[in-house]
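S.K.: Assemble the complex: chain A is given as a structure, and chain B must be docked to it using the hints.
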Amino acid sequence: MSEAKIKDKAAKGPEAAQEIAALTGNEAVAMAMKQINPDVVAAYPITPATEIVQIFSNYVADGLVDTEYVAVESEHSAMSACIGASAAGARVMTGTSAQGLALMWEMLYIAAGLRLPIVLADVNRALSAPINIHCDHSDTMGARDSGWIQIFSEDAQEAYDNTIQAIRIAEHPDILLPAMVTMDGFIISHGMEVVKVLPDDTVRQFVGTYNPKVKLLDVDTPRTFGPLDFTDFYFEHRRQLAEPIAKAKEVILEIGKEYGKISGRTYGLYEGYKLDDAEYVIVLLGSTAGTAKTVVDDLREAGVKAGLLKIRVFRPFPYDEMAALLAGRKAVGVMDRSDGLAGLGGPLFGELRSALYESKNRPPMKDYVYGLGGRDCGPALIRQVFDELQEIGKTGEVKERFTYLGVRE
Amino acid sequence: MANLKELSRKPERFTGGHRACAGCSAPIVARMLMMAADEPLVVGCATGCLEVTSTLFPYTSWNTPFIHSAFENSAATISGVEAAYQSLKRQGKYDKEVRFVAFGGDGGTYDIGLQSLSGAMERGHRMLYICYNNEAYMNTGVQRSGATMFGAETTTTPVGRKGYGKKQFEKDLTAILVAHGIPYVAQGSPSFWNDLITKMQKALATDGPSFINVLAPCRLGWAFPPEETIELGRLAVNTCAWPLYEVVNGEYKITYKPREKMPVEAYLKKQTKYRHLFRPGNEWMLPEFQKHVDEKWERLLTLAGEPIPAKEPVATG
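Chains A and B supply the protein sequences, listed in that same order. Per my numbering: the first sequence ends with 409, consecutive numbering throughout. Per my numbering: the second sequence ends with 1317, consecutive numbering throughout.
Isolated chain A (complex conformation):
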């Protein structure tokens, strides 16, 4: 716990027991990991996620956790060791970023295919080349089809809260899928914020103990993990993965509510900001939501019906919810912090257009690829998007489907 901690004595209800601390995103996630007290952490350091496992290894050294910490020689081995440990029957966590997540890619699919509830903190960072250590969402998007649950965080508080909830989501008997919690590199990972921290006991009680039904260490009932499937079974086994994905939204909402009871902070699949009557809506993921909220406030003061839709859960994608929320708006601007290089903007845009395909009242929609490699996205740029959305709203016409925001052409 940071020196800056003070008791939040004024608060009532579940918040009364919480401590207010000044933490960076990395510190907040490491704190959550300490309170979760996983059986095994296997990790390899990578900027800007390094601190998470570095701080955590100090907890191990100080005997504050029961964790076996495996300092592996690569991210590929980190995820491989997590797979072995999780299959063995342990509660397992790790952290990584960008190239590290890319190096894990092969194993991400295997973790999901083996139904292993590993929880990973991914600090969002751009992928090479050129090499860049700053934030964008290319890394997480690269893993979007791997069968992992993906939860985005707006700030350090959400990164902390999401990490704790992810354990419950991943280990839920109807889910048993790995989950990654993301936060924006440097912006959140290294930015210090006020974070409300739950008491250790509350977190331990919330996550409970992990007792998997099937485990490799059960030597009396030997099982074969990761066998060979031919054409006669592979399809069925992959098909089975669709079941927990279909069930996940319900479980995420249930756990989000339960978390609200202990923390006063209830979580859903998304967060709407001044959304109800909004005519012009920006949809995005991660830390830019904070900036967008101030822009929305400014526009509201000026009489513009602006609103924000921040998506928290990217996998499984809340298609129906998005369709219901966005239909009938005058114009929707999607902000993608990665370029899909698909010829049609970024991945979020593709998901949202798909979500709205069946809507009778489809809004005009435009994608803005922004902030690649940590390029700053301040209020002026977001204002620019809203200005353009108002133009589109007047004519109902979208001249170009996607554009690049804040880049020198």
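These are calculated hints, taken from the structure and not from any lab test. Hints may be right or wrong, so weigh each one.
[As the list claims (entries may be wrong)] If we take Cβ atoms under 8 Å as the criterion, some of the chain B residues that face chain A in the derived model are:
hint, residue
1, V1052
2, P1065
3, V1081
4, K1162
5, F1224
6, P1226
Beta carbons are placed, not taken as given, at the ideal position from N, Cα and C, and that holds for glycine.
M.R.: Just chain B now, kept in the frame of chain A:
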């Protein structure tokens, strides 16, 4: 020392019904391991012949906990299993005494999996890593690996108007493992069952990482009749192309010394992958092979503190 009678009474933990080729030595090695172990085993395996022939869903030959995750990470995967074991045991959540074994073929060990193996050994996980070395990527159709010996014909080192098989000598992986400073390293052969099982027992009893490199003749890639697997292994050892030795805490010991070192030709002639060595124009290859084997053997004798015999004339075909 293993006793055949005792071994035969042990329960089968690697069962028949697997789909390995007739005459494949990999299942023989797996069965020997199961016989060698007294404690329960958790086995990991890299993608490769042993894994794909023994785990065809919904069947499995492993009557012991088994995990396969990918090609290059058998050691890293078992690192995680062993870490979970240590953690759960320390917390009082698990009380059994278990040993951990990672298997890989030469492809998954000498080449793509070398980093993962090296990391696991350096970290000191208590595991036995067994490389069943059949000297090529047999599972994908006989492509060269870092373990493929000089002159061998594989599908990626074909013999043609200019090509004469693999140009390079094999990588000395056993030496690389010795350089890791781990407590137990050995080379074995299923043709010397007692030697191999004893080594497996020593490795499993080692409180730390251990490694055994087993030459595993492949009847498909080496092209010999299936009934000659054990004979091929014997020839490899008796020609000193595959010496049997162990390195315990850095101390070298040759565990089997051929009464008379046979010319390597006797071993190579049995395998179609070397048939071009005996064709006109390639007369230079056999002495080259022999020279390499002799040099390695002499180096090993020196390391083990054994006398080096007087030079003999090199045999040619």
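S.K.: Next step is simple, just say for each hint if it's right about the structure.
M.R.: Each hint tested on the structure:
Annotation: interface hint on V1052/B holds; nearest CB of chain A at approximately 5 Å, less than 8 Å. Interface restraint check: P1065/B against chain A, minimum CB-CB distance 5 Å, threshold 8 Å, status holds. For V1081/B, the suggested interface contact is upheld, since its CB lies about 4 Å from the closest CB of chain A, less than 8 Å. With a least beta-carbon distance of about 36 Å to chain A, the hint placing K1162/B at the interface is violated under the 8 Å criterion.
Hint status for F1224/B relative to chain A: violated, with the closest Cβ pair at about 26 Å, above 8 Å. At a threshold of 8 Å, the smallest CB-CB gap from P1226/B to chain A is about 23 Å, leaving the interface hint violated.
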